[in-house]
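Using the hints, position chain Z against chain X.
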Amino acid sequence: MTTIFGVPTAALYGQLLIGLINGSFYALLSLGLAVIFGMLHVINFAHGALYMLGAFAAWLALTKFGVNYWAALALAPLAVAILGVIIERTTLRRLAGLDPLYGLLLTFGLSLVIEGMFRHWYGSSGQPYAPPPQLQGGVNLGFMFLPIYRGWVVVASVVVCFATWFVIERTRLGAYLRAATENPALVQAFGINVPLLVTATYAGGVALAGFAGVLAAPIYQVSPLMGSNLIIVVFAVVVVGGMGSIMGAIVTGYMLGVLEGLTKVYYPQASAIVIFVVMAIVLLVRPAGLFGRGE
Amino acid sequence: MQAQNTASEPLLEVRDLEAWYGESHVLHGVSLDVREGETITILGRNGAGKTTTLRSIIGIVRKRKGVITLRGQDLLALPQHKVARAGLGYVPEERGIFASLSVDENLSLPPKIADGGMSIADIYRIFPNLEERRNSPGTKLSGGEQQMLAIARILRTGARVLLLDEPTEGLAPVIVQRIGELIRTLKTQGYTIVLVEQNFRFAAKLADRFFVMEDGRVVDTFATTELSARMGSLHEYLGV
Numbered sequence: 001m002t003t004i005f006g007v008p009t010a011a012l013y014g015q016l017l018i019g020l021i022n023g024s025f026y027a028l029l030s031l032g033l034a035v036i037f038g039m040l041h042v043i044n045f046a047h048g049a050l051y052m053l054g055a056f057a058a059w060l061a062l063t064k065f066g067v068n069y070w071a072a073l074a075l076a077p078l079a080v081a082i083l084g085v086i087i088e089r090t091t092l093r094r095l096a097g098l099d100p101l102y103g104l105l106l107t108f109g110l111s112l113v114i115e116g117m118f119r120h121w122y123g124s125s126g127q128p129y130a131p132p133p134q135l136q137g138g139v140n141l142g143f144m145f146l147p148i149y150r151g152w153v154v155v156a157s158v159v160v161c162f163a164t165w166f167v168i169e170r171t172r173l174g175a176y177l178r179a180a181t182e183n184p185a186l187v188q189a190f191g192i193n194v195p196l197l198v199t200a201t202y203a204g205g206v207a208l209a210g211f212a213g214v215l216a217a218p219i220y221q222v223s224p225l226m227g228s229n230l231i232i233v234v235f236a237v238v239v240v241g242g243m244g245s246i247m248g249a250i251v252t253g254y255m256l257g258v259l260e261g262l263t264k265v266y267y268p269q270a271s272a273i274v275i276f277v278v279m280a281i282v283l284l285v286r287p288a289g290l291f292g293r294g295e
Numbered sequence: 001m002q003a004q005n006t007a008s009e010p011l012l013e014v015r016d017l018e019a020w021y022g023e024s025h026v027l028h029g030v031s032l033d034v035r036e037g038e039t040i041t042i043l044g045r046n047g048a049g050k051t052t053t054l055r056s057i058i059g060i061v062r063k064r065k066g067v068i069t070l071r072g073q074d075l076l077a078l079p080q081h082k083v084a085r086a087g088l089g090y091v092p093e094e095r096g097i098f099a100s101l102s103v104d105e106n107l108s109l110p111p112k113i114a115d116g117g118m119s120i121a122d123i124y125r126i127f128p129n130l131e132e133r134r135n136s137p138g139t140k141l142s143g144g145e146q147q148m149l150a151i152a153r154i155l156r157t158g159a160r161v162l163l164l165d166e167p168t169e170g171l172a173p174v175i176v177q178r179i180g181e182l183i184r185t186l187k188t189q190g191y192t193i194v195l196v197e198q199n200f201r202f203a204a205k206l207a208d209r210f211f212v213m214e215d216g217r218v219v220d221t222f223a224t225t226e227l228s229a230r231m232g233s234l235h236e237y238l239g240v
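In order, the protein sequence lines correspond to chains X and Z.
215 is the number that full-length UniProt numbering gives to position 215 of the first sequence; each next residue is one higher, with no gaps.
86 is the number that full-length UniProt numbering gives to position 86 of the second sequence; each next residue is one higher, with no gaps.
Keep in mind the hints are simulated off the structure, nothing from the lab.
Because the structure is a prediction, the values reported are computed rather than measured.
Among the hints, a few may not be true.
Just the calculated beta-carbon pair ranges, DEER-fashion [stated by the list, open to error]:
| hint | chain 1 | residue 1 | chain 2 | residue 2 | range |
| --- | --- | --- | --- | --- | --- |
| 1 | Z | Q177 | X | L283 | 21 to 29 Å |
| 2 | Z | S119 | X | F162 | 28 to 36 Å |
| 3 | Z | H25 | X | W121 | 49 to 57 Å |
In this text, a Cβ means the ideal position worked out from N, Cα and C, and glycines have one as well.
With the rest of the complex left out, here is chain X (with noise of 0.2 Å):
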C-alpha cells in the first residue's frame, strides 16, 4: 500500500476531501460575517442559525411541497435573505451607532430563539435529505473514491465564492459598498442610498450561509443545532483571516478546512482544537489578523 509519511494515501485524500469540503462551509460562513461586519459593524451571532434556516428550508420544501433540490438551491436563499431584511429593518438597525456588543448580543438572542422554535417543532434528532439524483453515487479517481455530491459542494462553494468576491471587488455596487464601509457619511453625501446598501449587505450575506445551508442539507443531516455546532469554528477562521477581509476570509475558510482534515490524519487528538490553536497564534503575532488590514 502507498503511504505518505506513515499515513495509507487514499486516507490521506479522504481526509483531504472531507477538509476541502468543510472548508467550503467555512468559507461560505466566514465571508457572510466578514461582508455584514465589514458594513454593519455587527459580528452576526445568528449566522449559524440562519444557516440551518436554509437547510430546514431546503427540506421543508421538498418534504410539505415537492420542491426539489435545485429550486430550493434558489428558494432558500431568497427565504433566508427576506428573513435577513426584517432582521435588520426591525431590529439591527435601531443599533447603528452603538457598541458592537449589543448587535452580537440580539443576533445571540436572535439565534437562541430561532434554534429554540425548531427544537420545540422537530426535536434535536436529524432529518435526512437526500441528494439530487443528478448527483448520487461517486466516481473513481484512481487514487480515491469521490461521492459526487462532495465534490458539487465544493465546486459550488469556490464559485460562488469567487461571485461574491468579484461583485464586491470588481463592479460599481462592490465599489459602493467598499466606499460606504470607510465613510458612509460621505456616500450618502454623494446621493447613494446607505441605508438600502446596509440592508442589502445584510441580506446578501446571511443568503450565502441560507445556500452553505442548503449545500449542507444532504450531507450532514438537517437538525436545529447544526448551526451551533459549526458557527463557532467559523468564528475563529473569521479572526484568522481577518474581520471584513473578503479574499481573507475565502482563502482561510478553504486553508483551516485542509489544515484540520490533515490534522485528522496526522494527530487526530488535536484535530478538533487545531483551528483554535492556528486563531491563538495568529492572534498573538497578526491581531488584525492573516489578511486584515487593521485599523
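Quick look at chain Z alone, frame taken from chain X:
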C-alpha cells in the same frame, strides 16, 4: 418651478440656520445667500462653524433648524441621499478619498445627478497625473492629487453648485496655485461655488463676496471690492 426672478433671487439660500452635534449647539443662526454663477467665501477661525455650515447644507449634519433652499427647493425636508441630487457637489474638508477604491473607482463613485458633467476622458485631460495613477488606491496619491481627485469626481456628476471645504489646506504653494486656477476656470464656466477658506489671500482672488463667521453666526458680509477697506476688521475676526 417659476422661472421669473431667478436673476435676483438667490440660487442657494440659508436662513437662520441652527445646527447641533448631539447635544452641543454649534450654529446659532447662519444666514447666507449665493446667486447663480457667483463664488462666495466663508471665512472664520477654526471652530467658527464654517465646516458645519457646509455639512448642514449637504445634510451630513441632521439636527438642523431654519431654512435651506436650492432653486426654491427645501433641502431640509429631503432624506440625506436626495440632497446631492437636488444639484449639489460636495468636496469635504478631509478630501474623503477612499483607500479601498482605485483612482478610477473614486472618480466614478458619485452618481450622475444631471446632464452636462465632465466625462472621465475630459477629467483625465485636465488632470493627467490622475490618469497615470488610475489603478492605484486613491489614498496612495499625494495630498495635492487627492484634492484634485476630490474636486474632479464631483465635476463628473453634473452638479452646478459646488461646496468646497478648505481645498488648499496643508498643500504646497504651487499646488494651491493650481487649485486656484482650477476654481477660476470653473467660475468662468458658470459654476456656483461656496468656498470655505482660512487663507483669505487665496480666496480674495476668487470670491465675489465674503461671509465672515464667528461662534456659529455670520457676523459680517461684504463684496470683494470692499476687501481693502475691510482689512482692519478682518484681521480682528481672523486673529491674523
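Exercise. Is the gap between the beta carbons of S119(Z) and F162(X) within 28 to 36 Å?
Worked result: holds (32 Å)
For this session: Could you tell me whether the CB distance from Q177(Z) to L283(X) stays inside 21 to 29 Å?
Result: violated (50 Å)
Exercise. Can the suggested window of 49 to 57 Å be confirmed for the beta-carbon pair H25(Z) and W121(X)?
Worked result: holds (54 Å)
Checked against the numbered hints given earlier, this structure breaks only hint 1.
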